[in-house]
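Enquirer: Residue numbers (the working numbering), protein chains in the order written: chain A, 665 to 921; chain B, 665 to 921; chain C, 6 to 292; chain D, 6 to 292; chain E, 38 to 349.
No wet-lab data here; the hints were simulated from the structure. Note that the Cβ used here is the ideal one computed from N, Cα and C, for glycine as well. Heads up, some of the hints might be wrong.
[What the hints assert, rightly or not] Listed next, with one range per pair, are the computed distances between beta-carbon atoms: (1) C:A85 - E:S348: 52 to 60 Å; (2) A:Q680 - D:I278: 28 to 36 Å; (3) D:R280 - C:A75: 50 to 58 Å; (4) B:L725 - A:R694: 55 to 63 Å; (5) B:A682 - A:A905: 41 to 49 Å; (6) E:K303 - D:D87: 38 to 46 Å; (7) D:D87 - B:S769: 53 to 61 Å; (8) A:L725 - D:R280: 31 to 39 Å; (9) D:R280 - E:Q255: 52 to 60 Å; (10) B:A770 - A:E917: 38 to 46 Å.
Here is what each chain is made of, one letter per residue.
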Amino acid sequence: MPHLTLDKVSVHYDGQPAPAVERVSLDVGRGDFVVLVGRSGCGKTSLLNVAAGLVEPARGLATVGGRPITGPGPDRAVVFQNDALFPWLTARENVAFALRLRGVSADKRARRADELLSLVKLGDAGDKRIWELSGGMRQRVGLARALAAEPEFLLLDEPLGALDALTRERMQTTLLDLWAAAQVGVLMVTHGIEEALVLATRIVVLAPGPGHVVRTLETHFGRRYAAGEPIRAIKADPAFAAARAELTDAIFEGEAA
Amino acid sequence: MPHLTLDKVSVHYDGQPAPAVERVSLDVGRGDFVVLVGRSGCGKTSLLNVAAGLVEPARGLATVGGRPITGPGPDRAVVFQNDALFPWLTARENVAFALRLRGVSADKRARRADELLSLVKLGDAGDKRIWELSGGMRQRVGLARALAAEPEFLLLDEPLGALDALTRERMQTTLLDLWAAAQVGVLMVTHGIEEALVLATRIVVLAPGPGHVVRTLETHFGRRYAAGEPIRAIKADPAFAAARAELTDAIFEGEAA
Amino acid sequence: MSVGTYSERPAAKAEETDGFAVPWSRPRPRPRRAISARLVSAITILVLLAAWTVSASLQLVSPVFLPSPAAVWAKFVIVARDGFVDATLLQHLLASLWRVFAALIAAILVGVPVGLAIGISRIGRGVFDPLLEFLRPIPPLAYLPLIIIWFGIGEPSKILVIAIAMLAPVALSTAAGVRGVSRERVDAARSLGATRAQVIRHVIVPSALPSILTGLRIALGAGWSTLVAAELVAATRGLGFMIQSAAQFLVTDVVVMGILVIAIIAFVLEFVIRRIERVLVPWSGRE
Amino acid sequence: MSVGTYSERPAAKAEETDGFAVPWSRPRPRPRRAISARLVSAITILVLLAAWTVSASLQLVSPVFLPSPAAVWAKFVIVARDGFVDATLLQHLLASLWRVFAALIAAILVGVPVGLAIGISRIGRGVFDPLLEFLRPIPPLAYLPLIIIWFGIGEPSKILVIAIAMLAPVALSTAAGVRGVSRERVDAARSLGATRAQVIRHVIVPSALPSILTGLRIALGAGWSTLVAAELVAATRGLGFMIQSAAQFLVTDVVVMGILVIAIIAFVLEFVIRRIERVLVPWSGRE
Amino acid sequence: SAEDLKITIGYQTVVEPSKVPQADGAYEKATKAAIDWRKFDSGADVIAAIASGSVDIGYVGSSPLAAAASRELPIETIFVVGLIGPSEALVARNGAGIEKVADLAGKKVAVPFVSTTHYSLLAALKHEGVDPKSVQILNLRPPEIAAAFARGDIDAAYVWDPALGQVKTTGKVVLDSSQVAAWGAPTFDAWIVRSDFAEKHPEAVRDFVKVTGEAYAQFLARPDAWSVSSPEAGKIAKLTGAKLDEVPELLKGYVFPPLEEQASDKFLGGATVKAIAATSAFLKEQGKVDAVLPDYSKYVTAKYASEALASN
Ligand SMILES: Nc1ncnc2c1ncn2[C@@H]1O[C@H](COP(=O)(O)OP(=O)(O)OP(=O)(O)O)[C@@H](O)[C@H]1O
Ligand SMILES: Nc1ncnc2c1ncn2[C@@H]1O[C@H](COP(=O)(O)OP(=O)(O)OP(=O)(O)O)[C@@H](O)[C@H]1O
Ligand SMILES: [Mg+2]
Ligand SMILES: [Mg+2]
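Modelling step: build the complete structure from the supplied sequences, incorporating the hints.
Expert: Now the structure itself:
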């Protein structure tokens with residue numbers, strides 16, 4: 665089974681005095697759900713971009729299935745922090761984009777796109793233009809577009825950031841359902857501590873200056889959900905509260921509150 | 665003291681079958697901190713844009729200081745959901761923009777911009793170009809840029825959405841400090857239930873289809889903070905937990921969890 | 006398309022609320038009060054016509070050099086019916102239209118791919134940049150003999166002269182459009198499995214489309230303005246040929262009439278391209 | 006400026022990783038292996054020169070119409086030293102350069118505001134659109150006599166002919182740039198207290214700058230290619246005048262030499278504008 | 038006063054003797070005026086410049102002159118440069134099967150429209166009774182004629198030097214303009230002056246004519262002395278851009294009338310008026326001008342030529 669690995673990766677942007685990320689190692693197998701958390705500007709997006717093949721590490725190696733990553737590929741679908749939707753397409757056409765690339769018939773791909781739009785609770789927004797969508801709707805269209813590509817790895821940069829609590833919770837379960845069913849590997853950036861706990865099989869905590877890993881937590885709440893336990897029950901578990909406290913500490917370590 | 669009021673405002677976008685928002689009334693005085701919450705796509709941004717003078721209501725009236733709103737003005741500074749920063753300016757120049765418009769000397773406005781950047785914890789990012797900033801950093805630059813205009817009203821669309829928990833909490837206190845000191849009126853959209861409770865003097869809950877007000881809650885936690893009580897203590901107050909439950913219910917009313 | 010902004014309402018601060026003509030989606034407007042661009046255009050044209058009539062009737066310059074509108078109109082009727090230099094106005098017009106359109110199509114077929122190559126690939130830029138830079142500043146009057154030596158005196162030569170004038174605007178605008186393509190959208194497409202060719206077809210071309218259409222509009226203008234030079238090549242028909250023949254004999258009314266006919270045709274074409282623009286790139290300015 | 010993409014590395018899937026020449030900020034690259042655009046350009050030019058030399062020496066066309074590179078070079082030396090039609094090459098060059106630059110400045114001074122007006126205000130569009138649409142397709146050869154009549158035979162007439170050719174690209178590109186301005190940025194500026202004038206100065210102009218610069222590049226090409234037409238009007242010096250005089254007496258080597266000089270000058274100017282572009286609009290494509 | 042008189046002269050790069058005094062500054066010396074020499078490429082532009090008042094004295098061919106006169110522009114012909122002779126000729130491509138004018142029917146013939154050769158060609162067709170509609174007459178400028186001729190795109194061309202010399206290498210002369218002149222359709226080039234300028238500065242015009250006449254006299258006295266190596270040929274080549282070794286040949290293409298003949302009825306005194314009237318009538322027939330004037334004598338004056346002669 666292919667693994668996505670970053671091996672002692674450093675990122676150094678042109679013209680910047682210091683590296684943005686230094687010697688970070690990560691491993692995402694299919695069936696893993698790895699969540700990156702950390703302070704604003706600590707290099708989460710940068711690492712995700714390395715995995716996506718959009719940023720070349722200054723040092724270290726990024727591989728997928730053992731082969732070095734040389735650019736973006738359909739095996740790793742990305743949802744960007746700023747939805748990079750195509751304004752010349754409708755919401756449905758945006759979602760169907762990956763299918764169109766593969767030559768799926770117009771009919772079939774419209775059907776599949778509508779399925780995915782319903783999945784992200786936008787069943788009736790298929791004909792809308794991008795500029796007719798609200799911020800949260802765009803984010804969900806971006807997510808559906810990545811799902812349509814049926815990748816081996818999903819790389820998500822705060823995919824639920826602009827969503828209200830209820831929609832967000834629903835999207836979380838949708839993500840977990842998809843992940844459990846398709847056995848994809850997920851690498852996701854989030855700012856929600858609970859979200860990280862509910863979703864992740866592994867949480868990687870980054871600290872800034874330059875970005876490095878301070879802690880890795882293995883969690884299992886997501887697997888419990890995938891095995892059938894209701895999500896509210898999982899959140900009520902005292903183990904959840906303990907993990908929450910531990911994670912909060914790890915993130916805020918050495919910081920005045 | 666000027667008030668910002670929306671009186672039975674409906675918003676209907678060109679070419680859409682149904683209105684996006686129907687008969688919503690709001691009132692924001694200076695010294696008020698009104699927070700809009702509600703599901704994705706329920707019309708929060710639309711209402712904020714009406715207050716900003718960027719969207720004209722199909723019916724109803726929007727006024728500020730009693731005069732109808734006929735367009736955007738420096739009395740109401742907006743922070744957009746997609747940071748609308750200027751890529752041809754550095755972070756500092758973006759923040760100093762409003763001062764430049766007023767003819768403040770280069771020297772003075774650089775100093776003021778640096779102050780504001782420190783306030784949003786970006787003291788050392790002044791010389792960066794917009795594309796060199798992370799998502800959360802951009803959001804904070806956008807906030808600082810609006811603050812520089814020293815408006816009577818601040819209109820904020822999920823200004824802390826892309827921030828990690830710690831930075832977000834710090835920004836919340838910064839916002840409260842500013843609000844208390846400058847006695848501006850704030851109209852803010854957020855998805856964070858706790859955030860709404862901590863910041864607001866009044867919370868307006870919108871429901872979709874078309875967007876309308878389902879509940880208005882008066883809260884006082886923000887004022888307590890402004891009066892000197894530490895924020896952690898406020899959050900620990902049982903009244904806070906009760907308000908939290910009430911708000912959650914109001915948002916999720918009539919929805920399966 | 007109805008565009009509603011606050012500008013159409015009585016405004017407290019006029020200078021700030023004059024509104025921008027840039028189209029974007031806004032809620033339903035109140036009924037328009039501002040005058041429309043088309044009305045202003047009509048007024049402008051009428052004012053120009055009036056100025057022309059007045060200065061012609063005052064005989065500020067000899068009518069040989071500034072014929073009156075009436076004289077030009079009379080000539081128009083005569084040339085439309087009886088012709089000038091052995092062909093009617095319609096025949097001249099059709100000959101020129103066909104040349105300009107053939108050249109436009111050639112310029113699109115060559116210029117758009119060349120512009121894409123320049124914008125996209127380093128090798129494309131290396132090869133086509135110098136060729137284009139070499140070709141575009143050369144005055145057509147200077148290379149006419151070479152064109153004839155290589156391509157003869159038939160239609161191809163005339164079309165080529167026009168097409169060369171059109172090539173640079175099309176290619177440069179295309180290349181500029183490609184340079185402006187959002188990097189994030191390209192990345193998104195690639196991560197969705199787009200091959201290089203698919204990125205070009207599905208992301209770069211649509212993104213560059215507004216710029217390409219601007220290039221076409223500039224190119225059409227350039228093409229018309231090369232018409233006289235092109236029709237110096239052994240033409241027997243064509244508006245440029247007609248104008249040139251008339252100019253030589255100081256038949257200024259025909260010259261002015263020809264200029265007006267070209268301007269009107271160009272006007273109509275411009276209008277058509279703008280329609281196309283609105284249909285093809287409704288998102289321009291809304292991203 | 007160093008641009009790093011994966012394209013410079015050995016790639017598993019070549020077609021997908023060929024890389025885009027669009028500049029954007031990426032981490033430090035490995036040392037380049039791909040050939041640079043400049044090298045490819047040099048090769049292209051050498052190939053063209055070789056083709057010219059070969060076809061000239063095979064006498065595929067008579068040297069009257071296509072002189073050999075050696076002959077052109079010899080003529081270059083002679084004209085540079087002794088002159089042609091009573092002026093040295095440098096004098097011709099300076100005369101033309103001054104005209105083109107004066108016209109460029111005039112075109113910028115008029116075209117950019119006109120383009121802004123068209124893009125921004127409904128009245129501006131109403132007034133200037135028809136004027137521009139009327140002016141731009143008219144062939145310079147058609148209105149030369151009218152220009153002489155109205156503006157005489159001095160420098161102003163020549164500059165005017167060139168400037169008219171430049172006006173449309175500048176104005177249209179500016180207007181297109183304005184249309185592409187992000188609505189949100191305009192709104193942001195207005196809510197920060199910008200007056201209409203300040204929005205134009207601080208948001209619209211910088212946003213439209215890439216487009217304006219493209220317009221200038223197209224305009225310069227158009228200007229040079231109108232040079233011969235402009236210098237038909239009673240010139241005593243100028244590259245176009247030189248070329249035209251030579252063409253009349255079939256002195257083809259001078260014609261070709263003049264064409265090459267124009268091409269080289271245009272090349273250099275283009276290079277300068279691209280530098281300016283890079284300094285002025287580093288954000289192009291990164292938004 | 039004459040000291041600060043400014044004269045603008047529009048010349049064309051035709052190879053003729055008055056280029057020598059132009060190069061020497063003799064006109065400036067004689068008229069004591071500052072002269073602004075401006076080059077033009079077509080008679081139409083010269084006429085436009087004169088009519089606009091920006092040029093005072095100009096060089097034109099007989100066709101544009103007739104067109105301008107028919108449109109009643111305020112001009113006067115003051116000097117006939119020369120009757121066009123062998124310098125303009127109809128050349129048929131070898132192998133095109135054209136031996137005489139009558140053979141042109143069905144063939145492609147190129148001329149620069151509106152030029153003197155255009156007039157000569159049509160006059161020749163008329164004289165030989167060939168229907169112009171049966172001939173494919175194409176509009177090309179001389180350099181393009183040379184190119185099209187070399188390619189074989191055209192069967193014949195009526196053109197002047199140096200394109201004429203070029204086409205002669207692969208063709209042969211069927212007819213030249215001296216023959217057409219003999220058939221009653223002479224073509225010529227002339228110097229013209231704007232009427233109001235002439236009225237204000239008659240001495241300047243007289244001196245101009247005088248200097249021009251002197252140059253012609255010098256050439257006519259020893260035409261062979263203006264050889265390739267002569268300073269005169271060098272000056273002409275430098276000023277016009279003509280190839281130096283072609284200059285002597287080019288100078289032979291015209292029949293240059295001396296000053297003594299200018300005022301006579303062979304030229305300004307009579308024949309020129311008739312030639313302009315004939316050309317105008319012909320242009321009218323071709324639909325190129327709207328009306329023909331009853332009298333063209335107003336556009337020709339022998340006054341300056343006579344005065345110049347008298348002041349010798
Ligand atoms: N293109 C770039 N050029 C230069 N510096 C950059 C660039 N992109 C990011 N940086 C810098 O690298 C650091 C890490 O940025 P990154 O976007 O990875 O942070 P992040 O963890 O995703 O933050 P956030 O949570 O706010 O989105 C920041 O300090 C940022 O300023
Ligand atoms: N420009 C527009 N044209 C047409 N419809 C629009 C436009 N902008 C918004 N809408 C529609 O109006 C509704 C409300 O949108 P709005 O952006 O106000 O939602 P929101 O509450 O801000 O959502 P979110 O929390 O996801 O940002 C949505 O259904 C959206 O599709
Ligand atoms: Mg980020
Ligand atoms: Mg919103």
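Enquirer: Determine for every hint whether it applies to the structure shown.
Expert: A quick look at each hint next to the structure:
1. C:A85 - E:S348: 52 to 60 Å: holds, 56 Å
2. A:Q680 - D:I278: 28 to 36 Å: holds, 29 Å
3. D:R280 - C:A75: 50 to 58 Å: holds, 54 Å
4. B:L725 - A:R694: 55 to 63 Å: holds, 57 Å
5. B:A682 - A:A905: 41 to 49 Å: holds, 43 Å
6. E:K303 - D:D87: 38 to 46 Å: holds, 41 Å
7. D:D87 - B:S769: 53 to 61 Å: holds, 59 Å
8. A:L725 - D:R280: 31 to 39 Å: Hint holds: Cβ distance 37 Å, inside 31 to 39 Å.
9. D:R280 - E:Q255: 52 to 60 Å: holds, 57 Å
10. B:A770 - A:E917: 38 to 46 Å: Given a distance of about 41 Å, which is inside 38 to 46 Å, the answer is holds.
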